[in-house]
Amino acid sequence: MFLALREMRRAVVRFGLLVAAIGLLVFLILFQQALQDGLLTSFVGAIRNQSAPVLVYSVDAQRTLQGSTIPPELERQVRGAEGVGRSARLNQSTFTIRIGEEGDSDAAIIGTDDQELVRPTTLTAGRRPEREGEAVGSDGDFRLGARVAVVGSPGVRPAEVTVVGLAEDLQLSVTPTLFTDLDTFRAASMAVNPGATAMLPNAIAVAPADGASAERVAASINSVAPDADALTRGDAADNSPGVAQVRQSFQVIFLLYGLVVPLLTGLFFLIITLQKAGSLTLLRAIGARASVLAGSLLLQVGIVMGLGLAVGVGLFYPLSRTGVGGLSLRFDATAVLAWSALLLGLGLLSALASLRRVLRIDPIEATSGPGVR
Amino acid sequence: MSSSPALRMEGVRKTYQVADEEIVALDRADLVVGGDEIVALIGPSGSGKTTLCSIAGGLLTASQGTVVVGGNDISDYTSRQLTDFRRTSVGFVFQSVNLVPFLTARENLLVVSELVGRGGRRRRKDAVARTAELLDELGLADRADNLPAQLSGGQRQRVAIGRALMNGPDLVLFDEPTSALDSQLGDQVVKLIRDEMKDRGTAAIIVTHDDRITHYADRTVRIEDGRISA
Ligand SMILES: Nc1ncnc2c1ncn2[C@@H]1O[C@H](COP(=O)(O)OP(=O)(O)O)[C@@H](O)[C@H]1O
Ligand SMILES: [Mg+2]
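Keeping their order, the protein sequence lines are chains A and B.
The first sequence lines up with residues 507 to 879 when you count with the working numbering.
The second sequence lines up with residues 1090 to 1319 when you count with the working numbering.
Calculated from the structure, these hints are not laboratory results.
Since the structure is predicted, the reported quantities are computational estimates derived from the model, not experimental observations.
Using N, Cα and C, we set each Cβ at its ideal position, and we do this for glycine too.
Be aware that one or more of the hints could be misleading.
[What the hints assert, rightly or not] DEER-style ranges, computed between Cβ atoms:
hint : chain 1 : residue 1 : chain 2 : residue 2 : range
1    : B       : Asp-1234  : A       : Asp-868   : 31 to 39 Å
2    : B       : Gln-1277  : A       : Leu-530   : 50 to 58 Å
3    : B       : His-1304  : A       : Ile-870   : 29 to 37 Å
4    : A       : Arg-863   : B       : Asn-1235  : 27 to 35 Å
5    : B       : Asn-1161  : A       : Leu-530   : 31 to 39 Å
6    : A       : Phe-837   : B       : Gly-1257  : 49 to 57 Å
7    : B       : Asn-1161  : A       : Leu-850   : 37 to 45 Å
8    : A       : Val-830   : B       : Arg-1213  : 35 to 43 Å
9    : A       : Leu-843   : B       : Val-1217  : 55 to 63 Å
My request is simple: use the sequences and hints to build the entire structure.
So this is what it looks like as structure tokens:
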């Protein structure tokens, strides 16, 4: 305690710089973690945060709603598969919309014929749709009560949707998203393409019958319907195009940080341990147990890491309140704790080389310093 | 103070194996230092002075023989026991590095009481009082908050003496305490050592190759080629 703290106090600048460097790295890690989570949420939030446990695409759809079509025969097979309880049709498409006097923009509409089965899991404002023309929208993109016009072909009257509820993390492919019933979706489609006749569902949403698990039902659908690609909600989100690539890129970044942080602390402490080898030898010679000096080293590592983490979290917290650009950054306490524990562990591990040096000091060297014998 | 000897060495031998050659650093050394006696140990370079002090101070174990310090036979101590022995029972002033550069004069003394790891409030308070007292005696009261780099060679040596006395040792070992000082300053330091030892009734061995210093000692012991001749 005494030694560790005095030394740090005498070398405030040196230790301060290390703390600042670690703090900055921690900040960057937390920032990137939040960025990754934010990005993935805007890619697949609508899938992750809707209530149907299983989604069935056509096998050629590459796990996108819009690229999938379920012909009647396949729909029959899916509904008849073992373990399938409730099921619903699902359609999704991207439309050009206009709100009031604002300019045109894009929005995804997800329509279903069973709004009990397929609905945003939690609303942050408003209520669920009760009649045709009502929708729950992704918050941040829509205001409660907004009247959204779906811009149709020239000469065709726009379809109109009223936002009656809002939900968090509901975007699909980084696009504002509306959850509606199937009739509203159809009206929007007709506005764009008045000539269209039959409309096949893009996907089938399934809830397992009592007692069956989502995994089992997905497996049973895939086994009876070769043209079906049934996925649990989580798998559907994780297997959406781009998600894996985003994860992978960030994993490389995290791996680099995971190397840089312990390398930085490890080298720092190794250098100062070598620099003060004479003092450590002297202390051993006058009766300090090796364990006391080792404890002092680990205490310093712990303090530096602790302060670094505090600085990093302190920098990240205000940013997480405001977000960057259109992306909202969450302060995910679990992620922060997990990173803190991991980095603290890595920091302590990085001190092993210094620790080895400390434990190997031979106190007799104190009798033969520079210039002696 | 006590009548039993501070140090009793009997038939101590220390050899080093360098390549195929056996170097005898200390051979059949017998030495008794009284409880409050100051012994000057004189001998040419390489004669075994540092080796003798290291063995007496528990830094080195003898290849053969018996070493008793303050009534404790340390001949067969484990290295852990020797560490604790050095902390509690002997004082050292080494030939080279004696002070921790990032600790002030005061802290260089205080650190001795902090080496155990954890300590009670009471002990800490005692240590603070003892530090102030020692610094005062050594004429360093106004230098207590200086770092070693801010002190002169003589002042540094005095801090080292204070450090060696912090644990109330049975025996203090001074290995050429004046070698880095000019003769006048060296004389002062040795006189100070003598006064401090005599005040406390603490035994000491002062290693030197300077004959002029010996008149401050109670007795002079000569060593040559690892052999002691009284
Ligand atoms: N670690 C060691 N390895 C080999 N020889 C040593 C070692 N330490 C001391 N010696 C030898 O032991 C002898 C006594 O050394 P030392 O006690 O340091 O002498 P002094 O202090 O009187 O100059 C010298 O010949 C020295 O070379
Ligand atoms: Mg010597």
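Going through the hints against the structure:
At about 32 Å, the beta-carbon gap between Asp-1234/B and Asp-868/A stays in the expected band of 31 to 39 Å. For Gln-1277/B paired with Leu-530/A, a C-beta distance near 53 Å keeps the hint of 50 to 58 Å intact. Checked against the hint of 29 to 37 Å, the C-beta distance between His-1304/B and Ile-870/A comes to roughly 31 Å, which is consistent with it. In this structure the hint that Arg-863/A and Asn-1235/B lie 27 to 35 Å apart at CB holds, the actual value being about 29 Å.
In this structure the hint that Asn-1161/B and Leu-530/A lie 31 to 39 Å apart at CB is violated, the actual value being about 54 Å. At roughly 56 Å, the beta carbons of Phe-837/A and Gly-1257/B sit within the given window of 49 to 57 Å. Our hint of 37 to 45 Å for Asn-1161/B and Leu-850/A holds, since their Cβ atoms are close to 43 Å apart. Separation of Val-830/A from Arg-1213/B is about 50 Å and departs from the stated range, judged on CB atoms against 35 to 43 Å.
The supplied range of 55 to 63 Å is broken by Leu-843/A and Val-1217/B, whose beta-carbon atoms lie about 40 Å from each other.
In terms of the numbered hints stated before, the structure departs from hints 5, 8 and 9, listed from lowest to highest.
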